[in-house]
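S.K.: What follows is the residue order along each chain.
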Amino acid sequence: MADKLMKYADAVSKFDPVFGLEVHVELSTNTKLFCPAHIEFGGEPNSQLTPVSLGLPGSLPVVNKTAIDYAVKLGLALHCEIAEWSQFARKNYFYPDMPRDYQISQYDKPLNGNGYLDVELDDGEIFRVQIERAHVEDDAGKNTHVGGADGRIEGADHSLCDYNRAGVPLVEIVTKPVEGAGERAPEIAGAYVRAIRDIVKALNISHARMEQGNMRADVNVSLRRNEGDPLGTRSETKNVNTFKGIEKTMAYEIRRQAAILDAGGEILQETRHWDESSQSTAGGRVKSDADDYRYFPDPDLVMVHVTSDHIEELAKQMPEMPRERRARLKSEWGFSDLEMRDAVNADALDLIEATVQAGAKASGARKWWMGELSREANARDLTLAELPITPEDVAQVEALIAKGSLNDKLAKQTVSGVLAGEGTPEEVVSKHGYQVVSDDGALLAAIDEAFAANPDIVEKLKAGNMKPMGAIIGSVMKATHGQADAKAVRSIVSEKIASL
Amino acid sequence: MPTFTREEIEHLGDLARIALTDDEITRLQGELNVIAESIAKVQEVAGEDVPPTANPVPLEAYLRPDVAERPLTQEEALAAAPATESGMFVAPRILGEE
Numbered sequence: 001m002a003d004k005l006m007k008y009a010d011a012v013s014k015f016d017p018v019f020g021l022e023v024h025v026e027l028s029t030n031t032k033l034f035c036p037a038h039i040e041f042g043g044e045p046n047s048q049l050t051p052v053s054l055g056l057p058g059s060l061p062v063v064n065k066t067a068i069d070y071a072v073k074l075g076l077a078l079h080c081e082i083a084e085w086s087q088f089a090r091k092n093y094f095y096p097d098m099p100r101d102y103q104i105s106q107y108d109k110p111l112n113g114n115g116y117l118d119v120e121l122d123d124g125e126i127f128r129v130q131i132e133r134a135h136v137e138d139d140a141g142k143n144t145h146v147g148g149a150d151g152r153i154e155g156a157d158h159s160l161c162d163y164n165r166a167g168v169p170l171v172e173i174v175t176k177p178v179e180g181a182g183e184r185a186p187e188i189a190g191a192y193v194r195a196i197r198d199i200v201k202a203l204n205i206s207h208a209r210m211e212q213g214n215m216r217a218d219v220n221v222s223l224r225r226n227e228g229d230p231l232g233t234r235s236e237t238k239n240v241n242t243f244k245g246i247e248k249t250m251a252y253e254i255r256r257q258a259a260i261l262d263a264g265g266e267i268l269q270e271t272r273h274w275d276e277s278s279q280s281t282a283g284g285r286v287k288s289d290a291d292d293y294r295y296f297p298d299p300d301l302v303m304v305h306v307t308s309d310h311i312e313e314l315a316k317q318m319p320e321m322p323r324e325r326r327a328r329l330k331s332e333w334g335f336s337d338l339e340m341r342d343a344v345n346a347d348a349l350d351l352i353e354a355t356v357q358a359g360a361k362a363s364g365a366r367k368w369w370m371g372e373l374s375r376e377a378n379a380r381d382l383t384l385a386e387l388p389i390t391p392e393d394v395a396q397v398e399a400l401i402a403k404g405s406l407n408d409k410l411a412k413q414t415v416s417g418v419l420a421g422e423g424t425p426e427e428v429v430s431k432h433g434y435q436v437v438s439d440d441g442a443l444l445a446a447i448d449e450a451f452a453a454n455p456d457i458v459e460k461l462k463a464g465n466m467k468p469m470g471a472i473i474g475s476v477m478k479a480t481h482g483q484a485d486a487k488a489v490r491s492i493v494s495e496k497i498a499s500l
Numbered sequence: 001m002p003t004f005t006r007e008e009i010e011h012l013g014d015l016a017r018i019a020l021t022d023d024e025i026t027r028l029q030g031e032l033n034v035i036a037e038s039i040a041k042v043q044e045v046a047g048e049d050v051p052p053t054a055n056p057v058p059l060e061a062y063l064r065p066d067v068a069e070r071p072l073t074q075e076e077a078l079a080a081a082p083a084t085e086s087g088m089f090v091a092p093r094i095l096g097e098e
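Those sequence lines, one after another, are chains G and C. For the first sequence, full-length UniProt numbering gives the first residue as 1, with consecutive numbering after it. For the second sequence, full-length UniProt numbering gives the first residue as 1, with consecutive numbering after it.
Take these hints with a grain of salt, some might be off.
What the hints assert, rightly or not - Quick list of in silico lysine-lysine cross-link-like pairs, DSBU-like style, CA-CA up to 35 Å: (1) G:Lys14 with C:Lys41; (2) G:Lys201 with G:Lys244; (3) G:Lys412 with G:Lys496; (4) G:Lys109 with C:Lys41; (5) G:Lys478 with G:Lys361; (6) G:Lys14 with G:Lys238.
To be verified - Label-pair distances were calculated between CB atoms; the ranges are: (7) C:Glu8 with G:Pro51: 30 to 38 Å; (8) C:Pro82 with G:Glu324: 49 to 57 Å; (9) C:His11 with G:Tyr95: 13 to 21 Å.
Keep in mind that the hints were calculated from the coordinates and are not lab data. Keep in mind the model is a prediction, meaning the values are calculated, not measured. Cβ coordinates follow ideal geometry from the N, Cα and C atoms, glycine included.
My request is simple: use the sequences and hints to build the entire structure.
M.R.: Below you can see the structure in the form of structure tokens.
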């Protein structure tokens, strides 16, 4: 049954949206949170297990120190208070994705609490999102549903369980209710999750690949008539794993809930799912005793102690945060807001930075990565970083241009050669004999030929009509196979005409 | 005086996926109420000046280095499974009770 939806603009003028996000980030440790099983994406099913990840009787969890360090770093980046003493608790539920029948999470004593993240929106406005907690827990396994349509759980005959992912360390970042976002709620939610992705990448604590499930978000939305009213009943859309999906989920829920409330109806407190194919959320189960998780301190694990000295040590290892880095690079490179945003969205900052470090000017580096190379990447359905050309190659091409050895056309051909696997720019140049012809003898000969072939144009030039100059330059370029320096040709032609 | 109602015990049974007979509910009601009363006594003694503890053992967790050890082979991992398919555990249909 299709939901009734209110127009977005009407929905946000009649109602005040309040949202919350629970972002799960898988940490890129070598081994699982509670056992030394190696973690690898895409391995044979059930090949990365120990008795602990299988929840076999008598097995005991032992906490991974690196996972705790990574989580502390994330807490510091999110301006959280780091708890020197934190505790793991059992969250009890029955579902075949967790062989233990409980998840080991943190409940009333999380590692990180009370933080915030300043999120920069497209127009440069900063919105502060308050963070309730960022706790550590282990991930569940994966189920494949067999016998139904499209691998759906509905109508499936049975399910297959792969527990490789069970026990992978996660940090779950929970916001406080985000108020005052108004019509920009979806945009803020998307920007917030992108900012978290950038931070965990900068910290190098997660692969942060949404498409592989390294990051996913639960999106909670409620509406109320007026700002300041008590919070309305919320829906919770689970496991949204694209940035666009997060924004669309929120916009959809605002429209759906507004239509219900406006017609005098009530919102069910339920979990929903974002369905990419129908671009809508679908109702799941109504929240009830299924969420009676009966948390209690895990008796197999005593408290985790992170000393203030150790927290300080980790704080010293913190790299520059993405927002600060962007501001610095923007001013160092002299980019406009738009140029900077495009470079960020194209994931080109690292590449441009490396190209600049290899000696190129920022404007030149930007021109290649955001122009020719972006087009190539699009055509090949690759990311910029996946293209078979390095920042050093691009810097070398720029250096050859600066030296006058290559003109624009030859530079493009050189880059094509590098992309085709012909070697470094210098190798491509020497292989094809690319060289701007600046040798006056060769140029003069070509120009004399062009003059002889176009006596009418020469007459016009002599008479002071410089318009047809392009035709002469064109035929010189043709004669030199594009290897002439057009500027040099122009000045020699001018001199020759003047002396006739 | 803390009391567990029969409904609460049935609910706990449901959450734990344990079917309880009437006799079992009666017996558990008695036992759980004794436990709850004991906890209430402890709470009387624990005043403001006693910090809450989560674990009676005054230890902190040992944090192990992030070094991989040999995992179980797929065969070992699946050895005790009632049914397997394509290297995975077979679970009975998940939806369908509702």
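S.K.: All hints are to be evaluated individually against the structure, with a verdict given for each.
M.R.: Taking the hints in turn, this is what the structure says about them:
The straight-line distance between the Cα atoms of G:Lys14 and C:Lys41 is roughly 53 Å, outside the 35 Å bound, and the hint therefore fails. Note on G:Lys201 and G:Lys244: the hinted pairing holds, with a Cα-Cα distance of about 19 Å set against a maximum of 35 Å. Note on G:Lys412 and G:Lys496: the hinted pairing holds, with a Cα-Cα distance of about 31 Å set against a maximum of 35 Å. Proximity of G:Lys109 to C:Lys41 is assessed by CA-CA distance (about 25 Å); at most 35 Å being required, the pair is judged to hold.
Between G:Lys478 and G:Lys361, the direct Cα distance comes to roughly 30 Å. Compliance with the 35 Å bound is thereby established for this hinted pair. Proposed proximity of G:Lys14 and G:Lys238 is supported: the alpha carbons are some 26 Å apart, at most 35 Å. At roughly 35 Å, the beta-carbon separation of C:Glu8 and G:Pro51 lies within the given 30 to 38 Å, and the hint holds. A hinted range of 49 to 57 Å for the beta carbons of C:Pro82 and G:Glu324 is consistent with their spacing of about 55 Å.
Remark: the range hint 13 to 21 Å for C:His11 to G:Tyr95 is upheld by a beta-carbon distance near 19 Å.
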